[in-house]
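**Q** Could you put together the complete structure from these sequences and hints?
What follows is each chain in one-letter form.
2 protein chains.
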Amino acid sequence: MSNKNINIKDVAVAAGVSVTTVSHVLNEVSYARISPKTRDKVRTVAEELGYGPNRLAQALRTQRTGMLGLVSEDIATTPHAGRIILGADEAAKARGYNLIVINTSGSASLESRQADIAALLDRRVDGILYATMYHRNVELPANLGSVPSVLVDSVATGGNITAVIPDEEGGARAAVEALLAAGHRRIGFLNNTDDVPATRQRLSAFRATLNEAGLDGDAAPVESEPSEVQGGYEAARRMLSRKDRADMPTALFCYNDRMAMGAYRAAAELGLSIPDDLSIVGFDDQELIAANLYPALTTVALPHYEMGAWAAEHLIDAVEGKTDLSLMALHPTILGCPLVVRDSITAPRQ
Amino acid sequence: MSNKNINIKDVAVAAGVSVTTVSHVLNEVSYARISPKTRDKVRTVAEELGYGPNRLAQALRTQRTGMLGLVSEDIATTPHAGRIILGADEAAKARGYNLIVINTSGSASLESRQADIAALLDRRVDGILYATMYHRNVELPANLGSVPSVLVDSVATGGNITAVIPDEEGGARAAVEALLAAGHRRIGFLNNTDDVPATRQRLSAFRATLNEAGLDGDAAPVESEPSEVQGGYEAARRMLSRKDRADMPTALFCYNDRMAMGAYRAAAELGLSIPDDLSIVGFDDQELIAANLYPALTTVALPHYEMGAWAAEHLIDAVEGKTDLSLMALHPTILGCPLVVRDSITAPRQ
DNA sequence: TTGAAAGCGCTAACAG
DNA sequence: CTGTTAGCGCTTTCAA
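Quick note, the sequences are listed as chains P and W, same order.
According to the numbering used here, the first sequence is numbered sequentially starting from 226.
According to the numbering used here, the second sequence is numbered sequentially starting from 226.
If you are wondering where the hints come from, they were derived from the structure by calculation, not from laboratory data.
Hints may be right or wrong, so weigh each one.
Residues of chain W clear of chain P, computed beta-carbon distances all greater than 10 Å [as the list claims (entries may be wrong)]:
| no. | residue |
| --- | --- |
| 1 | Val-242 |
| 2 | Val-270 |
| 3 | Val-447 |
| 4 | Ser-498 |
Below 30 Å or equal to it, Euclidean Cα-Cα: the simulated DSBU-like pairs (lysine-lysine) are [what the hints assert, rightly or not]:
| no. | chain 1 | residue 1 | chain 2 | residue 2 |
| --- | --- | --- | --- | --- |
| 5 | W | Lys-547 | P | Lys-229 |
| 6 | P | Lys-234 | W | Lys-234 |
| 7 | W | Lys-318 | W | Lys-547 |
| 8 | W | Lys-318 | W | Lys-266 |
| 9 | P | Lys-229 | W | Lys-318 |
| 10 | W | Lys-234 | W | Lys-266 |
| 11 | P | Lys-229 | W | Lys-229 |
| 12 | P | Lys-318 | W | Lys-229 |
| 13 | W | Lys-229 | P | Lys-547 |
| 14 | W | Lys-266 | W | Lys-229 |
Note that the Cβ used here is the ideal one computed from N, Cα and C, for glycine as well.
**A** Here it is in structure tokens:
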């Protein structure tokens with residue numbers, strides 16, 4: 226157990242050596258030539274005393290804190306932020322780093338976000354992770370650039386900072402392909418109305434995937450509403466009511482799980498049973514919804530954990546000079562969105 | 226904008242004074258007698274150069290890092306952890322502190338949790354917040370005691386550490402009272418099967434509140450299942466099927482929102498309309514569920530944000546010698562669980 | 001009203 | 001193979 230009150234000098238005295246020797250053996254300095262007995266002695270004594278180096282002093286001396294700053298948007302709203310933090314924390318911990326987490330609001334002023342960064346800089350973090358809660362373009366505080374940084378789940382408007390984002394198109398493609406594979410030919414898309422990359426990319430992947438399957442993707446029905454439960458409900462009502470039964474969609478691809486939840490309600494009201502009368506696939510894999518709807522929702526998972534881990538890993542590489550982030554900054558890194566199969570897709574009725 | 230590369234000496238030189246003077250004016254040292262012109266000069270120069278003190282060096286010297294460790298269980302599972310972090314972060318930020326966040330698993334070994342604490346201690350955090358994801362008794366790593374600490378959402382098995390927890394009884398009482406106020410007399414409780422304080426306390430408050438209203442609380446129907454959607458569904462099925470209509474409950478108090486979600490499904494299957502045929506009240510206020518069920522769920526909110534803020538606030542007070550935590554350790558501090566009114570309660574049918 | 005200098009705990013050049 | 005020492009950037013005692 227680490228004991229705050231004892232320092233390297235105490236260890237040196239107790240082991241009957243100099244602090245240099247202690248430092249050398251504990252840090253396993255390559256060029257240090259120290260006898261095995263001395264090594265053992267030092268290690269034993271350090272262990273006995275419960276010595277742990279004062280990371281502050283270490284940092285002051287080496288100009289390396291082993292701390293990463295993580296500024297995260299809207300930490301309290303969804304578990305998404307938690308997944309990013311978890312991924313980053315585990316990757317960081319594995320390499321001896323820790324995270325200073327600061328919350329910011331997606332709608333916070335540039336100055337307040339700048340102040341957050343400044344606080345991190347004053348603490349001499351080795352690098353900064355900047356995480357947003359959904360994939361979009363962000364305007365970054367100028368002081369972010371003064372230390373290695375990587376963006377999680379967004380790309381910078383300037384575009385010259387390393388970023389890791391989800392593969393929206395691949396995810397949408399996987400969702401639609403799952404529907405096609407089940408035999409569906411009339412597939413509708415319940416899209417979001419926000420002007421964010423996901424809206425555009427999921428839509429274009431939706432159409433493209435249908436086209437590639439020999440269907441008319443451009444004619445496929447799309448209804449757009451705000452990406453909440455209520456929006457999903459309304460979009461689904463419109464889509465499922467406007468046509469006569471013959472060309473009504475037999476399957477729905479929903480922009481996210483919340484909209485899918487709304488679609489479930491619309492289907493219930495219209496007497497449509499899921500998945501027998503209507504197959505549904507969502508996006509996001511929000512456990513609370515996806516796993517708990519009845520029937521459980523097949524959906525596409527966003528790689529929040531993976532993005533957090535990727536970002537921490539590469540940030541640390543950069544800090545340690547093992548990677549050049551500016552090279553990676555040219556194009557965002559894209560991480561896959563796997564399909565999570567549950568029970569909301571089946572073959573269409575004949 | 227804070228500029229890492231310039232230090233107090235640079236400011237001193239640029240202002241034509243000594244570092245002592247700079248330190249004195251920037252820290253507003255009370256006993257320092259410095260002429261207004263010098264003060265202004267120093268401040269202006271510091272501002273111009275974008276000087277911000279190196280917090281590491283400051284910490285090394287003052288033995289105060291201005292950092293709090295937050296070890297949080299299962300950060301990625303629910304937004305609960307996020308709310309605690311947010312509360313703690315905002316309270317901390319307001320007083321110039323920052324948070325080092327470390328994730329731990331509720332099921333992690335004592336040693337691994339001890340290692341997490343040790344990492345925090347090596348970083349010389351001024352205090353530690355230990356947050357669990359639901360209210361229970363935890364066995365704490367022994368090294369936690371070596372620095373001021375407070376427990377969030379749990380009490381220690383030893384029981385001698387300051388803790389802040391939700392008012393389970395008050396929350397349950399508020400829920401049942403809302404049902405009573407709407408005119409219900411036959412109220413059932415869908416309880417959790419886990420042996421945690423919430424299970425016991427919500428149950429006893431349920432019974433007590435009914436008794437105080439002149440009903441027979443001890444005879445009131447209770448069904449217990451694991452506190453997930455499926456459990457809620459099964460408990461509700463049992464409760465709503467076993468009796469003849471005349472003494473079937475007209476209202477259900479659910480252990481949490483997830484169980485309430487299951488109860489919604491059971492009600493739908495049984496042809497019971499909410500709230501007309503059956504009023505429901507939940508617990509937790511998990512936005513994603515509560516606000517999105519149809520009809521929206523009236524529920525009781527857990528004060529995660531408030532507990533996080535309270536904990537940070539009092540921890541900082543202790544660190545700064547403004548409070549004696551050991552006094553507060555005698556009894557946990559209990560924070561209210563307010564009722565969040567939505568649309569799932571109405572008067573019973575005549 | 002201001003400044004010199006010690007020292008927080010550590011690492012790393014350099015000396016032996 | 002091991003030890004001496006300077007110095008990371010800051011606060012604070014003491015002296016002027």
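**Q** Each hint should be assessed against the structure and marked as holding or not.
**A** Hints, one by one, checked against the model:
no.	hint	result
1	Val-242	22 Å, holds
2	Val-270	18 Å, holds
3	Val-447	23 Å, holds
4	Ser-498	13 Å, holds
5	W:Lys-547 / P:Lys-229	23 Å, holds
6	P:Lys-234 / W:Lys-234	29 Å, holds
7	W:Lys-318 / W:Lys-547	18 Å, holds
8	W:Lys-318 / W:Lys-266	28 Å, holds
9	P:Lys-229 / W:Lys-318	25 Å, holds
10	W:Lys-234 / W:Lys-266	15 Å, holds
11	P:Lys-229 / W:Lys-229	28 Å, holds
12	P:Lys-318 / W:Lys-229	25 Å, holds
13	W:Lys-229 / P:Lys-547	23 Å, holds
14	W:Lys-266 / W:Lys-229	21 Å, holds
Comparing the model with each numbered hint stated earlier shows that all of them hold.
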